[in-house]
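Chain W: place on chain U using the hints.
Read top to bottom, the protein sequences are chains U and W.
Per this note's numbering, the very first residue in the first sequence carries number 834; after that it's consecutive.
Per this note's numbering, the very first residue in the second sequence carries number 5; after that it's consecutive.
One or more of the hints may lead you astray.
Incomplete in silico selection of chain W near chain U, CB under 8 Å [to be verified]:
id, residue
1, L55
2, P57
3, S60
4, F80
5, S86
6, P91
7, Y225
8, W335
What the hints contain is simulated information worked out from the structure, not anything from laboratory work.
It should be emphasised that the depicted structure is a prediction, and the values quoted were computed from it without experimental measurement.
All C-beta atoms, glycine included, are put in the ideal place defined by N, C-alpha and C.
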Amino acid sequence: MGTHLKTAAIDHATARRMEWEDRLLLSVSLIIPLIGLLLFFLYPVFLIAKRSFIQRDGNFGLSNYTEVFGMSHIPTVITNSLVMSSATTLLCVTLGFAIAYAMQRTTIRGQYLIRIALILPLLAPSLVQALGLIFLLGRNGVVSQYTGWNIQIYGFWGLLISNSMYALPQAVMIIQASLRHSDSRYYDAALMMGASRWRQFIDITLPNAKFGLLSAAFVVFTVTITDFGNAAVIGGNYRVLATEIYSQVVGQMNFNMGAVIGIMLLLPTLVAVYIEKVSSQRQFGGSSESAIPVTREFVPLRDIPLAAVVHSVGLIIFMIVLTVVYASFMRLWPYRMEFTLANYNITLSGGYTPLWTSFIVSFQAAIIGVVALFALVMAQRRLPRRFAKAIYLLAILPVGVPGLVLGLSYVLSFNAPGSMLGMLYGTGLLIALCNFYHFHSQGFLTMVAGIRAVPPALEETVSCMGGGVMNSLRDAILPFMMTTLVAVFFFLFMRSMVTLSAVIFLISPTLSVGAVSVLRLDQAGFTTQAAAFSTCIMVSVLIALGLMKLILFRLSRSRASVAVVS
Amino acid sequence: MHLIIKNLSKSFDHFLALNDINLEVGSNEFVCLLGPSGCGKTTLLRIIAGLMPFDSGTLSLGGRDLAKVQARERGFGIVFQSYSLFPNMTVAENIGYGLKIRKWPQKDAEAKVRELMELIRLPELAHRYPHQLSGGQQQRVAIARALAVDPAVLLLDEPLSALDARVRAEMRLEIRDVQRRLGIPTIMVTHDQEEALTMADRIVCMNQGVIEQIGTPLELYTRPQTRFVADFVGTSNLLDPDWIRQTLPALSPGIPEDELQFQLSLRPEDLNVVKDDAGTGIVKAITFLGNISRILIDWQGRELIAESHRFPSLAEGDAVTLQVAPEAGSWVRI
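Okay, chain U solo, but in the shape it has when bound (with noise of 0.2 Å):
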């Protein structure tokens, strides 16, 4: 052991000088990430705010609003909008409660057929499940060609199984988890104590998943409320909010009107996700970490109707998205059903460069995404409290703006020729922002969980070991945050990839995305050519999961990474 190496950590000058480089680190970190909030989501929602406010005169006041509730056919569109999001509401629970009580508490076979079929409507633009629909039960639908029944799937019930069958997989998700972090010994104790197997379900189960399926109700109501692309395509002449702010923009270039409208639609979502946030932090219970999992029994009385449920609603999904897949290979559906390509042989509204606009927008809206979730993660956990608290609610605020709103705001705040922020307008990478910020919350949701599970003592030994801000990024958050961004990457991918919502006001004749395609196509009549479109989107996204399901399969074997320790 020579004296002549170092064994103080560093002499003083130079741990000023990379102080001083870690704050600027950190500064850095922390700045970027809000000042994009700030120019890309507050800006734009403050501006669609103050723009419902201004009136045809230029002066502020509420003839905008009182002008909306004038016309004479928006009672009904409001009506319309809160039934329709209250039955699919109802509809999704509902079945989503039977679907995540089965795949969580009862040896139903083929739960992974119901897996498989929950993530088919999240790999493709929300109204691949009206296509479907329409191919099956529409005027021209297989239904109708061999039957010769008249079924009107236009409207309610059409517009009611494509919200539902949209919404489902998220409610499932979020029933489930309700559902799995129960402990065994509440059932133990109450069975000693002679309680029925209804009485439990009714005494245990039901109160333990009560906020899972309030949670769950409320987000099925944002989603359905504020989606746009079944309605447009299977609504017919039931109208909703979400298509009324299309026609007044797009089709009227009224904007005054649509942020109106946009506001209609942000103060239920905001409510909504408002109620769930109080309501989430009154978890019945409370797991904890030695909780042992319920085991699963099965229970012939209860568990054969439930399996028929189960199994006829994964069946439905896999149909619909199927007769999608099946159509686009189909000479002229249903009546010359000859296998060929033609299909795919797309030329209207740019081909397929829109799918591949898609892709370029989507990554860099991930990359976009992952670094400046990263940064703010790890700058927001070294800031004092009360800090940190301010920022984890601007974070977690864009999740209750609608897509629509959102893109709608963005035309109003970027479409300003001459000023800087005019300059990106019209360009791929503000749809990739606008989708950025679209799933900005869930996105920031899975980092913070993600750093939660970076043991602090790691980061303290490096700084006492003599390692900066970079040493403890290298050595000790970033092998226990691989997955994480994995995963998060991966979400803002897929999303970008389908979301209709938010970019449908962004696209210029030049610019224009895969899933604004798919509706192009279906309202110019070429549906098997929508549905040949379609295909491609779920194919691409299908291959984007895989790959983040190798990746994360890799990362968990190899020993740059730390699967989370239990």
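Leaving out everything else, chain W in the frame of chain U:
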């Protein structure tokens, strides 16, 4: 080098976590910070490490003021309860981590790592990863990693609490042995009094942000100065002066002047229980603890705990009398 802490205080919001702490740690000393959870011992350790700032007072090492010195330039070694090894590095890489940060030439670093692996007696595990090691092995590696940089002070934050009883007992001796050989001033936080008593040169007994007493293990056990220390370190019968006068008059000459401020701490082994049919005490319960037995006695309306070595020839309900030496026990401040 002496570590000197003077009048150090620290508060969180309105909670006073450390109140006027004064402590000196000598060059070769092993000091334990002992106290219940929330007493401020970990806060004090983190302040010494530089992981947390303090509000007032001074902290210096060998005459150098540490207030403005960052954790990374203090050159202290730290070991946490949770081992905190880098999961993606091998044992050797973990131990050599500090040397890598100090940019030692690889050859010297390797030699040093080998030397430390001998020291912790795990030379054959160099290329294993932390998850392939037992808890005790991981903690040995963590200690070697802290020692690699020849730290000016070694800080141990409940290093043995996560280990099972047998390994814990072994490692007490090992840590103590290594510390003596290297002569590094060491501060260890623990809530386990047995650990503190067996390992420390001096124990700093803390409660609610203040130091109750500093002393050698022997002093702390035989001459506790406060009621808290008497109660926290070992078991005590805490008796009021008035009650002593009436029921154990043999002890009354020792009652201090300012008697309302004091109680007598009487260790269970100070009481000698003698079977006596005419005695005024009654055996209420006997608990067999292996090498000793604990006897609960009803003595004139209050319960006293006594201990005897072997299993005593007593039964519950027996009448007994108590013998106690006049100089037994220590008067502690309430």
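Consistency of the hints with the structure:
1. L55: Holds - the Cβ of L55 of chain W comes within 8 Å of chain U, reaching about 5 Å at its closest.
2. P57: violated (12 Å)
3. S60: violated (20 Å)
4. F80: holds (6 Å)
5. S86: holds (5 Å)
6. P91: Result: holds, 4 Å to nearest chain U Cβ.
7. Y225: Because about 32 Å separates Y225 of chain W from the closest Cβ in chain U, which is outside the 8 Å limit, the hint is violated.
8. W335: For W335 of chain W, the interface hint is violated, since the closest Cβ of chain U sits about 42 Å away, which is over 8 Å.
Consistency note: the structure conflicts with the earlier hints numbered 2, 3, 7 and 8.
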